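**Student:** Here are the chains, one letter per residue:
2 protein chains.
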Amino acid sequence: MSFAQASALRRIDETTWRGEIPPGWDILGNANGGLLLGVAARSGALASDRPDPVTITGHFLAPAPAGPITIETAVLKEGRRFATVRSEIYSDEGRRLLAVLGSYGDLAPGNAPERVAALPPDLPPADECIQVEPSATLPPPFMGRVDLRLHPDDVPSGRVGGDGQIQLRGWFRWRDREPLDTVGLIVAADAFPPTAFSADLPVGWVPTLELTTHVRERPAPDDWLRCSFTTRFITGGFIEEDGELWAESGRLIAQSRQLALVSQGG
Amino acid sequence: MSFAQASALRRIDETTWRGEIPPGWDILGNANGGLLLGVAARSGALASDRPDPVTITGHFLAPAPAGPITIETAVLKEGRRFATVRSEIYSDEGRRLLAVLGSYGDLAPGNAPERVAALPPDLPPADECIQVEPSATLPPPFMGRVDLRLHPDDVPSGRVGGDGQIQLRGWFRWRDREPLDTVGLIVAADAFPPTAFSADLPVGWVPTLELTTHVRERPAPDDWLRCSFTTRFITGGFIEEDGELWAESGRLIAQSRQLALVSQGG
Chain A
0 MSFAQASALR RIDETTWRGE IPPGWDILGN ANGGLLLGVA ARSGALASDR PDPVTITGHF
60 LAPAPAGPIT IETAVLKEGR RFATVRSEIY SDEGRRLLAV LGSYGDLAPG NAPERVAALP
120 PDLPPADECI QVEPSATLPP PFMGRVDLRL HPDDVPSGRV GGDGQIQLRG WFRWRDREPL
180 DTVGLIVAAD AFPPTAFSAD LPVGWVPTLE LTTHVRERPA PDDWLRCSFT TRFITGGFIE
240 EDGELWAESG RLIAQSRQLA LVSQGG
Chain B
0 MSFAQASALR RIDETTWRGE IPPGWDILGN ANGGLLLGVA ARSGALASDR PDPVTITGHF
60 LAPAPAGPIT IETAVLKEGR RFATVRSEIY SDEGRRLLAV LGSYGDLAPG NAPERVAALP
120 PDLPPADECI QVEPSATLPP PFMGRVDLRL HPDDVPSGRV GGDGQIQLRG WFRWRDREPL
180 DTVGLIVAAD AFPPTAFSAD LPVGWVPTLE LTTHVRERPA PDDWLRCSFT TRFITGGFIE
240 EDGELWAESG RLIAQSRQLA LVSQGG
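Chains as they are written, first to last, in numbering that gives the first Met the number 0: chain A, 0 to 265; chain B, 0 to 265.
Among the hints, a few may not be true.
Repeated chains share a single entry, so a pair holds when one copy, or any two copies, can fit it.
In the DMTMM-like style, the derived pairs of lysine to aspartate or glutamate whose C-alpha atoms are separated by at most 20 Å in a straight line are [unchecked claim]: (1) K76 / E127; (2) K76 / D126; (3) K76 / D146; (4) K76 / E247; (5) K76 / D91; (6) K76 / E92; (7) K76 / D199; (8) K76 / E132; (9) K76 / E177; (10) K76 / D121; (11) K76 / D221; (12) K76 / E113; (13) K76 / D105; (14) K76 / E19; (15) K76 / D51; (16) K76 / D152; (17) K76 / D180; (18) K76 / D175; (19) K76 / D222.
Derived from the structure by calculation, the hints contain no laboratory data.
Bear in mind the structure is a predicted one, so any value in this text is a computation, not a measurement.
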């Protein structure tokens, strides 16, 4: 099942949408957080009739097993360039799973001033990287939906550099070669293994509290995305993970940042 | 008028709060965005009965002149450690000014694993820095509320380094020496001049579309905050500004990131 199918929504009334978290998009039985945020992004794009999420924030409220969902949307602003939409995802038991605030627009190429003071992550070609398989090392079956190719130095979940930063670099595309759009990007920003697992700390589970992604432009639909995820601060019981998603052409496509909880444990 | 007074809210019913954006907290007639987000953080902390915003995101919908406001809150989750609250600020004309999603908790010192791979920004002592005065160069009167001391190398709005990054470093405290709490931190993360003005680009106004702040721990109430704001990506019509707010002790207090629009112009 493609991401387009997995995130398909049916309009019930002005503000209500129905969808279904399909089996096969979970990690250990619960929907991948990025998938859930991607479905919310779909609802915001549909509700506002704008193609592209520009900045979207999700607060993860409860684990989401496979099954039908309802999304309540409210269009908070309809501006010339952007619309702001609130989306809340509910299970059929009425449990609130995810609260989302996003602004949506049209990211067709424009003509604004540019200055970029960073380089895309250094990565060998995809076929020289390590493909993440849905296997014992990383939880199936979500990994069967995405095609992740990790930098050999960063396997399995990041490398601690000389500066102490943890970095995980790799390529992303849909495993079924579905064209990638800006809604799919929202999933890509949360598809890689958590850097926390490389931190050489007594860290157990790292549930995401909040994830924000900024989309700068549309990816070329058939490109690989060149991705890096960096952690600098594990403190106060929290860890941040900063993502950059670049086009093969070397242009920045999106930035993300998530805040997760660092719980003690094996 | 102190920030505590400027952000004071009166409860009208279970979900409704009244406040007032006071004169003296504006930039060219409209409320500073950070102040507005700080008032929303106050509403979320009160509605959830948790002292500290932990991660808070605001989407700025309309300029907010001084005057009475109404905040509608909805507590979306009440967990053991965190509560998630939606806050929306309205003017008395019924105009939606700001939409906010935040998670709140108790950031009393804990006992979690720590690893920090970054240093606080290098700053001369505050009295050797350049105090920002409410004057011709920076818009009064908001600058009369905050005490900003900029690194002499970064005056007036940041310095473009050899790597092309724009960085603005400085100290923050309230000008009236009001003790700083985690709600006030939300204002601090948006109190400095925009780095975009140093970009040597034909950039006019840079309205903030979205601002997210993560608070890691409580500041010592009488400390200066050691702050840096960095811009790496001006592309696609957007600019990001990444903030770090550190304690005098050298501990990370908060991180912020905002996405603003880069419009062509004078």
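**Student:** Give a verdict on every hint.
**Tutor:** We went through each hint and held it up to the structure:
1. K76 / E127: neither (46 Å within a copy, 45 Å between copies)
2. K76 / D126: Neither. Shortest intra-copy (45 Å) and inter-copy (44 Å) distances fail the 20 Å Cα cut-off.
3. K76 / D146: neither (36 Å within a copy, 34 Å between copies)
4. K76 / E247: neither (34 Å within a copy, 40 Å between copies)
5. K76 / D91: Between copies, since 17 Å is at most 20 Å while 28 Å is not.
6. K76 / E92: between (30 Å within a copy, 15 Å between copies)
7. K76 / D199: neither (45 Å within a copy, 32 Å between copies)
8. K76 / E132: neither (42 Å within a copy, 35 Å between copies)
9. K76 / E177: Classified as neither; 32 Å inside a copy, 35 Å across copies.
10. K76 / D121: This pair counts as neither: shortest intra-copy Cα distance 40 Å, inter-copy 41 Å.
11. K76 / D221: Result: close neither inside a copy nor across copies, 33 Å intra and 39 Å inter.
12. K76 / E113: Classified as neither: same-chain Cα gap 28 Å, cross-chain 41 Å, threshold 20 Å.
13. K76 / D105: within (15 Å within a copy, 32 Å between copies)
14. K76 / E19: neither (27 Å within a copy, 22 Å between copies)
15. K76 / D51: within (15 Å within a copy, 28 Å between copies)
16. K76 / D152: Neither: 45 Å inside a chain and 40 Å across chains, both beyond 20 Å.
17. K76 / D180: Neither way: K76 and D180 sit 23 Å apart in one copy and 31 Å across, limit 20 Å.
18. K76 / D175: So K76 and D175 fail the 20 Å test inside a copy (36 Å) and across (36 Å) alike.
19. K76 / D222: neither (33 Å within a copy, 39 Å between copies)
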